[in-house]
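Peer 1: Chain by chain, the residues run as shown.
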Amino acid sequence: MIDGVSRQLIELLQQGLPLVSRPYTEIAKKLHLTEDEVLIRVAKLKQQGIIKRLGVVVNHRRLGYKANAMVVFDVPDSLISQIGDHVSQFNFVNLCYQRPRQGDQWPYSLYCMIHGKNKETVLKQLDHLIESCGLQQFKREVLFSKQCFKQRGALYQALEKQQKVISNG
Amino acid sequence: MDEVDKLIINHLQGGFPVCDSPYQVVADQLGLAEADLINRIKNLLDTGLLSRFGPLFHAEQMGGALTLAAVKAPEQQFDQIAEIINSFPEVAHNYARNHELNMWFVIATDVPERLTEVIKEIEQQTKLAVYNMPKINEYFVGLKLQA
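In order, the protein sequence lines correspond to chains A and B.
Residue numbers are given in the working numbering: position 11 of the first sequence equals residue 15, and the series is strictly consecutive.
Residue numbers are given in the working numbering: position 134 of the second sequence equals residue 139, and the series is strictly consecutive.
There could be a bad hint or two in this list.
Capping the alpha-carbon separation at 27 Å, the derived lysine-lysine pairs in DSSO-like fashion look like this [said to hold, decoys possible]:
no.: 1; chain 1: A; residue 1: K34; chain 2: B; residue 2: K77
no.: 2; chain 1: B; residue 1: K149; chain 2: B; residue 2: K125
no.: 3; chain 1: B; residue 1: K77; chain 2: A; residue 2: K70
no.: 4; chain 1: B; residue 1: K47; chain 2: B; residue 2: K11
no.: 5; chain 1: B; residue 1: K11; chain 2: A; residue 2: K123
no.: 6; chain 1: B; residue 1: K47; chain 2: A; residue 2: K33
no.: 7; chain 1: B; residue 1: K77; chain 2: A; residue 2: K56
no.: 8; chain 1: A; residue 1: K48; chain 2: B; residue 2: K140
no.: 9; chain 1: A; residue 1: K56; chain 2: B; residue 2: K47
no.: 10; chain 1: B; residue 1: K149; chain 2: A; residue 2: K48
no.: 11; chain 1: B; residue 1: K11; chain 2: A; residue 2: K128
no.: 12; chain 1: A; residue 1: K150; chain 2: B; residue 2: K149
no.: 13; chain 1: A; residue 1: K121; chain 2: B; residue 2: K149
no.: 14; chain 1: B; residue 1: K140; chain 2: A; residue 2: K143
no.: 15; chain 1: B; residue 1: K149; chain 2: A; residue 2: K128
no.: 16; chain 1: A; residue 1: K50; chain 2: B; residue 2: K140
no.: 17; chain 1: A; residue 1: K150; chain 2: B; residue 2: K132
no.: 18; chain 1: B; residue 1: K132; chain 2: A; residue 2: K56
no.: 19; chain 1: B; residue 1: K47; chain 2: A; residue 2: K70
no.: 20; chain 1: A; residue 1: K50; chain 2: B; residue 2: K132
no.: 21; chain 1: A; residue 1: K121; chain 2: B; residue 2: K11
no.: 22; chain 1: A; residue 1: K33; chain 2: A; residue 2: K70
no.: 23; chain 1: A; residue 1: K70; chain 2: B; residue 2: K11
no.: 24; chain 1: B; residue 1: K47; chain 2: A; residue 2: K150
no.: 25; chain 1: A; residue 1: K70; chain 2: B; residue 2: K149
no.: 26; chain 1: B; residue 1: K77; chain 2: A; residue 2: K123
no.: 27; chain 1: B; residue 1: K77; chain 2: A; residue 2: K150
no.: 28; chain 1: B; residue 1: K11; chain 2: A; residue 2: K56
Calculated from the structure, these hints are not laboratory results.
Chain B on its own, in the form it takes in the complex (with noise of 0.2 Å):
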């Protein structure tokens, strides 16, 4: 990643835009030929900075469900409850982190039915409570990670 590949995705963080030619309208504002764009963030894509390019849906008004859920997984059955929860193709982004909730993952289903049904078959599996945290507002923040 060198300074031009930095400049690039600290402003496709702040969008893309609609139109025919999108790419040579970025490339000229960033001073770039349109060719010498495409080719870098298909690089970027392979080499795994970014993990994804294009337009990112919005679960909900596509009739699907989100959630952030918890358990408090106990020391000696960790990696059991992980790899429990893991095995549900519904689960995205589990995360251990450092409190008696220790274990913090995002639920994704296709419709809400299956949301309740995922958490249920995990408290069953795990015999554990599961929290369920799903968002009731979202504060815009600009998403941005300085490169």
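Only chain A is shown next, with the shape it has when bound in the complex (with noise of 0.2 Å):
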């Protein structure tokens, strides 16, 4: 599905969008390839979904966003979706996920991870969502963040791994 050109042109997309006002003419000198290629090949891997999107990551600890709740929800199957369509509208809301049960012990469905710049202002924004969605039937457990021992790009590291692999043969 993805060739070989894409490969390399992923590599160097992976490194970030040269700071340049012609960003990809620099990458097609590169992969000697003109610029107009280049827009079509980003332009199809987006549309394959391979590129997620453009745009920045922010460090959201140094944005102020100090407090970090993972919120679960036991939700059953047959509401799931629609629950988690509704949750996801929530701007507070950064990411919402279905994950699958482990057992009585861990019965929850529904992953919410609310970034605020206070306790205060989560607890007061999941209340809120609890009961705008409807969501005080079901079972619930809030997680906070006391410590991050670790926050790298371990995801580009692996994909980079992945493509000497392809690359060396």
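Two chains, each in its own frame: build the complex with the hints.
Peer 2: Below you can see the structure in the form of structure tokens.
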């Protein structure tokens, strides 16, 4: 599905978009392509969902979002899509996933991340979310993060390694 | 970080165009000069307010695998367990959380088979059960953290 040229393109793009007026010209030169060819390939990668989005990842702690809550709910499978769609509409919900339950001890299926400037704000937002989405009926837990041991681009490292394997044959 | 930087951060969380002169397009939308926008993005990356700029890839679509995992680390062995888990290059985002399941981490691997291996190795080395919770569905959010 991804040819060798697009693999190389992905490898270059993983270093970030060049910070120059014509970023795709700079990439094109390295790949011996034209700027148009690169733009078409990038658009295709985006359409295929291989590029999830273009934009920024903010360092939420540096931005002052020091309270980070993972809120989990035991939502029945028959309701989860509808509730997931509703919950994700709230702009203070930063991530929202369905994940597999882990038996009786951890029966939760819906995971929401709420980043806030402080704990009080996050808890207020959570109350608002619970009330607005009718989540009172579901068992839930709120897990605040206490300490961040590690935060780095393992994903990108893993993907870089994968590309090396592919390009090495 | 001044008001213009905040404007840029908030705007770029909404996406970045794919075209020959994307900085010019965004600079026009924000009423800035192109060179000013480029310099400010550079600066926000250098100072660490932004941890990435550009395309963000989808691990599973690339053939890789990703999961959220957790363990119940006994309090007296907590640091030791954290050290073991963090020693895996495939582990990112390890957080201590206030629950019996007190250590939560993301594992990202180049191929799905490796993910299974990493979980098994963590279980062997820590003597703890790893709860494996890969996503089943993702509900789209705007990803906005107001600067």
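Peer 1: Now tell me if each hint is right for this structure.
Peer 2: Hints versus structure:
no.	hint	result
1	A:K34 - B:K77	violated, 48 Å
2	B:K149 - B:K125	violated, 36 Å
3	B:K77 - A:K70	holds, 24 Å
4	B:K47 - B:K11	holds, 14 Å
5	B:K11 - A:K123	holds, 23 Å
6	B:K47 - A:K33	holds, 22 Å
7	B:K77 - A:K56	violated, 33 Å
8	A:K48 - B:K140	holds, 25 Å
9	A:K56 - B:K47	holds, 22 Å
10	B:K149 - A:K48	holds, 25 Å
11	B:K11 - A:K128	holds, 25 Å
12	A:K150 - B:K149	holds, 23 Å
13	A:K121 - B:K149	holds, 14 Å
14	B:K140 - A:K143	holds, 20 Å
15	B:K149 - A:K128	holds, 18 Å
16	A:K50 - B:K140	holds, 21 Å
17	A:K150 - B:K132	holds, 23 Å
18	B:K132 - A:K56	violated, 36 Å
19	B:K47 - A:K70	holds, 24 Å
20	A:K50 - B:K132	violated, 42 Å
21	A:K121 - B:K11	holds, 16 Å
22	A:K33 - A:K70	violated, 42 Å
23	A:K70 - B:K11	holds, 18 Å
24	B:K47 - A:K150	violated, 31 Å
25	A:K70 - B:K149	holds, 15 Å
26	B:K77 - A:K123	holds, 24 Å
27	B:K77 - A:K150	holds, 15 Å
28	B:K11 - A:K56	holds, 23 Å
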